[in-house]
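Trainee: The listed protein sequences derive, respectively, from chains H and P. This note's numbering applies: residue 1 is where the first sequence begins, and numbers increase by one. This note's numbering applies: residue 1 is where the second sequence begins, and numbers increase by one.
Rather than coming from a laboratory, the hints here were simulated on the basis of the structure. The beta carbon of each residue, even a glycine, is placed where N, CA and C say it ideally should be. One thing to keep in mind: the hints can contain errors.
What the hints assert, rightly or not - Restricting the straight-line Cα-Cα distance to at most 25 Å, the calculated cross-link-like pairs of lysine-lysine (DSS-like) are: (1) H:Lys54 <-> P:Lys103; (2) H:Lys5 <-> P:Lys44; (3) H:Lys5 <-> P:Lys103; (4) P:Lys103 <-> H:Lys68; (5) P:Lys103 <-> H:Lys56; (6) P:Lys51 <-> H:Lys37; (7) P:Lys51 <-> P:Lys103; (8) H:Lys37 <-> P:Lys27.
What the hints assert, rightly or not - Listed next, the stretches of chain P that the computed footprint assigns to chain H, with coverage defined by at least 3 CB atoms under 8 Å from CB atoms of chain H: (9) 42-48; (10) 52-66; (11) 103-111.
Said to hold, decoys possible - If the Cβ cut is set under 7 Å, some of the chain H residues that face chain P in the computed set are: (12) Leu34; (13) Pro44; (14) Phe46; (15) Asp99; (16) Phe102; (17) Ala104; (18) Gly105.
Each chain, written out:
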Amino acid sequence: DQQVKQNSPSLSVQEGRISILNCDYTNSMFDYFLWYKKYPAEGPTFLISISSIKDKNEDGRFTVFLNKSAKHLSLHIVPSQPGDSAVYFCAASAYNNNDMRFGAGTRLTVKP
Amino acid sequence: NAGVMQNPRHLVRRRGQEARLRCSPMKGHSHVYWYRQLPEEGLKFMVYLQKENIIDESGMPKERFSAEFPKEGPSILRIQQVVRGDSAAYFCASSRNKGENEKLFFGSGTQLSVL
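Isolated chain H, as found in the complex (with noise of 0.2 Å):
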């Protein structure tokens, strides 16, 4: 019952270049959804969110866009860097739900 998947388990990107990574939901009642950075032997921080209620977020080098009615987003990473080498989470919660359910997760890899 995965509900939050990614299914590319990696991408490799140049240095400077649009890292874009993607993350599609099955259940409807997700309505907050989120992106977590892993760096090997470390918890997950995190990264950048969005409320249901829009369709665009952004923070600096990283957009998170939200397509509600195709239950996608992406994390767009403008321009990449070698620091943001890691495996990158998508998460999603309900406001009715105790559990925040994660995807397995996109290596990313930000070659110089």
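Given the structure of chain H, go ahead and fit chain P onto it with the hints provided.
Mentor: The following block gives chain P in isolation, referenced to the frame of chain H:
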């Protein structure tokens, strides 16, 4: 600026032994969540606790696993009679409230290895 503290970072157990994983939430946070990450998989919800109460344990295996969050002290995830399949990274997260648009803050995790 103490974040979510988990210990130990690494725990090695032999099959049949007990594993105890500890989690101290961020200061001011009274909601604790435990997640498990198996290799090449995402984070799977296990249990959600508030002080002295288990709110939701729908992700916990029915046997051998238990969790508590006492009035004083850290939250404990206990795994009895560990098996090799329990080997995973266990992450604890905390939040200030349980409400709309609440994000979780994660600890560095405990890597459990069962020999």
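Trainee: For each hint, tell me whether it holds in the structure or not.
Mentor: Status of the hints after comparison with the structure:
no. : hint                 : in the structure
1   : H:Lys54 <-> P:Lys103 : holds, 17 Å
2   : H:Lys5 <-> P:Lys44   : holds, 13 Å
3   : H:Lys5 <-> P:Lys103  : holds, 19 Å
4   : P:Lys103 <-> H:Lys68 : holds, 20 Å
5   : P:Lys103 <-> H:Lys56 : holds, 18 Å
6   : P:Lys51 <-> H:Lys37  : violated, 28 Å
7   : P:Lys51 <-> P:Lys103 : holds, 19 Å
8   : H:Lys37 <-> P:Lys27  : holds, 22 Å
9   : 42-48                : holds (count 5)
10  : 52-66                : holds (count 4)
11  : 103-111              : holds (count 7)
12  : Leu34                : holds, 6 Å
13  : Pro44                : holds, 5 Å
14  : Phe46                : holds, 5 Å
15  : Asp99                : holds, 4 Å
16  : Phe102               : holds, 4 Å
17  : Ala104               : holds, 4 Å
18  : Gly105               : holds, 6 Å
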